[in-house]
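Participant: Generate coordinates for the entire structure from the input sequences, incorporating the hints supplied.
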Amino acid sequence: MTVTGLIGSLCMFPLRLIISACVRLRIHPNILTFVGVLINVAAAWALGLGKFVTAGVIMIIANIFDFIDGKVAVELNEVSAFGGFWDSVIDRFSDISLFIGLIFLYSTLDRTDYVMIAALAMMFAIMTSYTRARAESLIKKCKVGFMERPERIVLFMIGAFTNRMAAVLWVILILSIFTVADRIIYTYRELRETREREALA
Amino acid sequence: MRQLADLPLRVLWNAFFWTYERATWQYDIMVIAILAFIWLTPPVWLNDPMATGYGPIGWIVDRLGL
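In order, the protein sequences belong to chains A and B. For the first sequence, counting from 1, position 134 maps to 134 in our numbering; every step adds exactly one. For the second sequence, counting from 1, position 41 maps to 242 in our numbering; every step adds exactly one.
Calculated from the structure, these hints are not laboratory results. Being a predicted model, the structure only gives us computed values, none of them experimental. Among the clues, some could well be false.
[Claimed, not checked] Below, in silico cross-link-like pairs of lysine to aspartate or glutamate (DMTMM-like), each with a Cα-Cα straight-line distance of 20 Å or less:
#	chain 1	residue 1	chain 2	residue 2
1	A	Lys71	A	Glu148
2	A	Lys51	A	Asp87
3	A	Lys140	A	Glu78
4	A	Lys140	B	Asp229
5	A	Lys143	B	Asp263
6	A	Lys141	A	Glu78
7	A	Lys141	B	Asp263
8	A	Lys141	A	Glu75
9	A	Lys143	A	Asp91
10	A	Lys143	B	Glu222
11	A	Lys140	A	Glu75
[Said to hold, decoys possible] Listing some non-contacts, in silico: residues in chain B with all C-beta distances to chain A over 12 Å:
#	residue
12	Leu205
13	Ala206
14	Asp207
15	Leu210
16	Arg211
17	Glu222
18	Arg223
19	Ala224
20	Leu236
21	Asn248
22	Trp260
23	Ile261
24	Leu265
25	Gly266
[Said to hold, decoys possible] According to the in silico footprint, chain B covers these stretches of chain A (three or more CB under 8 Å from chain B):
#	region
26	106-113
27	155-166
Glycine included, each C-beta is placed from N, C-alpha and C at the ideal position.
Facilitator: Now the structure itself:
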């Protein structure tokens with residue numbers, strides 16, 4: 001087993017308890033998704049005030065909701081197309097709100113350089129999701145590139161708890177640029193292969 | 202020999218044009234590299250507006266009097 005696999009398995013243990021509690025209480029997964037974004041806005045507020053540790057704690061709570069909604073939907077037999085759509089739309093709001101919190105913070109500190117870095121990181125984080133969604137309307141799967149939402153969220157928490165947000169923003173920015181490029185190249189190649197196969201047939 | 206020379210380029214290519222799943226050894230290495238960058242890079246090198254101190258590398262550089 002890998003280190004990250006082991007950490008994932010350890011985190012799954014308390015999450016399973018929360019999932020089963022939500023299933024017993026029959027909480028609708030769409031409500032869990034919505035509560036998650038509200039808590040994420042609170043985390044963004046704390047980031048904006050420069051209270052990183054508080055933001056980190058709130059982010060953990062918010063992302064528990066984010067993580068369990070899909071699992072609760074499966075257990076309650078409430079999986080729906082709208083649920084998937086709602087979840088991905090709300091996830092974008094959560095993503096953007098955290099970046100806006102940081103943009104606000106750096107602007108109050110008069111740090112235009114980090115306002116730009118946070119804004120660019122936000123742009124490429126959103127494009128990461130958009131390129132995959134758009135690609136998967138043309139090809140079967142486009143799951144390439146490292147910097148997806150779970151990685152971003154964990155990095156935000158690490159940055160908040162250890163007060164290394166600038167380094168985290170650089171990592172998110174650089175790896176998101178490569179993820180977007182990776183997805184564009186992958187989709188181009190897949191579509192070209194399909195076109196060539198069709199031409200031969 | 203040529204393959205060995207190409208290795209760093211191949212590693213960089215695979216790191217940036219990522220196709221591996223989570224919880225693989227490649228993923229572990231990428232995570233370690235990212236955490237090393239975040240925790241070891243002195244905040245002053247990045248002009249971090251919030252972090253204080255020089256971080257582990259800054260401390261070592263300071264100790265060695267470089």
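Participant: All the hints need checking, so say for each whether the structure fits it.
Facilitator: We went through each hint and held it up to the structure:
1. Annotation: proposed proximity of Lys71 (chain A) to Glu148 (chain A) holds, straight-line Cα distance about 19 Å (limit 20 Å).
2. As the CA atoms of Lys51 (chain A) and Asp87 (chain A) are separated by approximately 27 Å, the hinted pair breaks the 20 Å bound.
3. Of the supplied pair hints, the one linking Lys140 (chain A) and Glu78 (chain A) is violated, its CA atoms being roughly 25 Å apart against a limit of 20 Å.
4. Distance hint between Lys140 (chain A) and Asp229 (chain B) is unfulfilled; the C-alpha atoms sit about 27 Å from each other, more than 20 Å.
5. Between Lys143 (chain A) and Asp263 (chain B), the direct Cα distance comes to roughly 44 Å. Violation of the 20 Å bound is thereby established for this hinted pair.
6. In summary, the hint linking Lys141 (chain A) to Glu78 (chain A) is not supported, as the alpha carbons are separated by about 24 Å, beyond the 20 Å threshold.
7. Between the alpha carbons of Lys141 (chain A) and Asp263 (chain B) the distance comes to roughly 50 Å, so the proposed pair goes past 20 Å and is violated.
8. With a C-alpha separation of about 25 Å, the suggested pair Lys141 (chain A) and Glu75 (chain A) falls outside the 20 Å cut-off, and the hint is violated.
9. A hinted pair counts as satisfied when its Cα atoms are at most 20 Å apart, and Lys143 (chain A) with Asp91 (chain A) qualifies at roughly 17 Å.
10. Taking the CA atoms of Lys143 (chain A) and Glu222 (chain B), the gap is about 9 Å. The hint holds against a cut of 20 Å.
11. Distance check on the hinted pair: Lys140 (chain A) and Glu75 (chain A) sit about 26 Å apart at the alpha-carbon level, beyond 20 Å; violated.
12. Non-interface status of Leu205 (chain B) relative to chain A is upheld: no Cβ of that chain comes within 12 Å, the nearest being about 25 Å off.
13. Look at Ala206 (chain B): its CB is around 23 Å from the nearest CB on chain A, clear of 12 Å, so calling it non-interface holds up.
14. With a cut of 12 Å on Cβ distances, Asp207 (chain B) stays outside the contact zone with chain A, its closest approach being about 20 Å.
15. For Leu210 (chain B), the shortest C-beta to C-beta distance to chain A comes to about 15 Å, beyond the 12 Å cut-off, and the non-interface label holds.
16. With a least beta-carbon separation of about 15 Å from chain A, Arg211 (chain B) lies farther than 12 Å from that chain, consistent with its non-interface assignment.
17. The Cβ of Glu222 (chain B) sits about 9 Å from the closest Cβ of chain A, inside the 12 Å cut-off, so the non-interface label is violated.
18. Here Arg223 (chain B) does not stay apart from chain A, with its beta-carbon only about 7 Å from theirs, under the 12 Å limit.
19. Residue placement check: Ala224 (chain B) does not keep its beta carbon more than 12 Å from all beta carbons of chain A (closest about 3 Å).
20. Not every Cβ of chain A is farther than 12 Å from the Cβ of Leu236 (chain B); the closest lies at roughly 7 Å, contradicting the non-interface assignment.
21. For Asn248 (chain B), the shortest C-beta to C-beta distance to chain A comes to about 7 Å, within the 12 Å cut-off, and the non-interface label is violated.
22. Residue placement check: Trp260 (chain B) keeps its beta carbon more than 12 Å from all beta carbons of chain A (closest about 15 Å).
23. Annotated as non-interface, Ile261 (chain B) keeps its C-beta farther than 12 Å from every C-beta of chain A; the closest such distance is 17 Å.
24. The Cβ of Leu265 (chain B) lies farther than 12 Å from every Cβ of chain A, with a closest approach of about 22 Å, so its non-interface assignment holds.
25. Here Gly266 (chain B) stays apart from chain A, with its beta-carbon at least about 25 Å from theirs, past the 12 Å limit.
26. Counting residues of the region 106-113 of chain A whose C-beta lies closer than 8 Å to any C-beta of chain B gives 4; at least three are required, and the coverage claim holds.
27. Counting residues of the region 155-166 of chain A whose CB lies closer than 8 Å to any CB of chain B gives 8, which reaches the minimum of 3, so the coverage claim holds.
Hint violations for this structure: numbers 2, 3, 4, 5, 6, 7, 8, 11, 17, 18, 19, 20 and 21, all remaining hints satisfied.
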